[in-house]
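Chains as they are written, first to last, in the working numbering: chain A, 34 to 147; chain B, 26 to 136.
Everything labelled a hint here was simulated from the structure, so no lab data went into it. No residue lacks a Cβ here, since even glycine has one placed at the ideal position from N, Cα and C. Be aware that one or more of the hints could be misleading.
Once the Cα atoms are required to be at most 27 Å apart in a straight line, the calculated BS3-like pairs of lysine-lysine come out as [said to hold, decoys possible]:
1. A/LYS82 x B/LYS67
2. A/LYS91 x B/LYS67
3. B/LYS67 x B/LYS82
4. B/LYS67 x B/LYS103
5. A/LYS102 x A/LYS82
6. B/LYS103 x A/LYS102
Quick look at which bits of chain A chain B covers, simulated, 3 or more residues with Cβ under 8 Å [what the hints assert, rightly or not]:
7. 76-83
8. 132-140
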Amino acid sequence: AQSVTQLDSQVPVFEEAPVELRCNYSSSVSVYLFWYVQYPNQGLQLLLKYLSGSTLVKGINGFEAEFNKSQTSFHLRKPSVHISDTAEYFCAVSGVNYGQNFVFGPGTRLSVLP
Amino acid sequence: EPEVTQTPSHQVTQMGQEVILRCVPISNHLYFYWYRQILGQKVEFLVSFYNNEISEKSEIFDDQFSVERPDGSNFTLKIRSTKLEDSAMYFCASRDDYEQYFGPGTRLTVT
Chain A
34 AQSVTQLDSQ VPVFEEAPVE LRCNYSSSVS VYLFWYVQYP NQGLQLLLKY LSGSTLVKGI
94 NGFEAEFNKS QTSFHLRKPS VHISDTAEYF CAVSGVNYGQ NFVFGPGTRL SVLP
Chain B
26 EPEVTQTPSH QVTQMGQEVI LRCVPISNHL YFYWYRQILG QKVEFLVSFY NNEISEKSEI
86 FDDQFSVERP DGSNFTLKIR STKLEDSAMY FCASRDDYEQ YFGPGTRLTV T
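Chain A on its own, in the form it takes in the complex (with noise of 0.2 Å):
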């Protein structure tokens, strides 16, 4: 089974600023992971995923996420954000056989202040 942890419920930032979301998960076989962002009253889009190979993703929107297989994380960056990147943000996990669920994280709510 897999466990996903995002630590901050909520990041405040000002626009233009650099952020970092942080992601970190638990699991006893090989994973896949994911970055989801949640608009208000929306559904889940896909920002990014990593599945294999380089362990620098680069998503939609500007974001980028490091898989770093020895801390287990997969934390997700943006170099300067937007006001309209003010979102709920879901890590989430997929051990790699075939069928298996994926396991949000509990989410961070991102503010990008004026």
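On the provided structure of chain A, position chain B as indicated by the hints.
Okay, now just chain B, sitting in the frame of chain A:
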């Protein structure tokens, strides 16, 4: 690009009533899932479905819930007798070899 669709987008029902939430997974996917998100909380796994049977289910998925693939395209979640605490967003997903693709969700409001 193929996508997962869900109907209705919003369902309001009275406590004790049965509801059926519908999903059309991506056509060549074999694994299907239902997740639930209570307002302001995280997304929780309910059930996975493969080869016309439940593959795995969480503690949340009790006898009040059932899933079915009634035909070649639809995948449904039935809640037999809704409770106030069933109010949530319900997401359907289907999976290829690596990742799950989520539908837009059905917001269920139980009054």
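Verification of the hints:
Taking the CA atoms of A/LYS82 and B/LYS67, the gap is near 19 Å; set against the 27 Å cutoff, the hint holds. With a CA separation close to 24 Å, the supplied pair A/LYS91 and B/LYS67 stays within the 27 Å bound. With a C-alpha separation of about 17 Å, the suggested pair B/LYS67 and B/LYS82 falls inside the 27 Å cut-off, and the hint holds. Distance restraint check for B/LYS67 and B/LYS103: the Cα-Cα separation of roughly 21 Å lies within the 27 Å cut-off, and the hinted pair is therefore satisfied.
For the suggested pair A/LYS102 and A/LYS82, the alpha carbons sit about 15 Å apart, so the restraint of at most 27 Å is met. Of the pairs offered as hints, the one joining B/LYS103 and A/LYS102 is violated, with about 39 Å between alpha carbons and a cut-off of 27 Å exceeded. Check on the segment 76-83 of chain A: 4 of its residues sit with their Cβ under 8 Å from a Cβ of chain B, so the three-residue criterion for coverage holds. For the segment 132-140 of chain A, the proposed coverage by chain B is satisfied: 8 residues have a C-beta within less than 8 Å of a C-beta in that chain, meeting the threshold of three.
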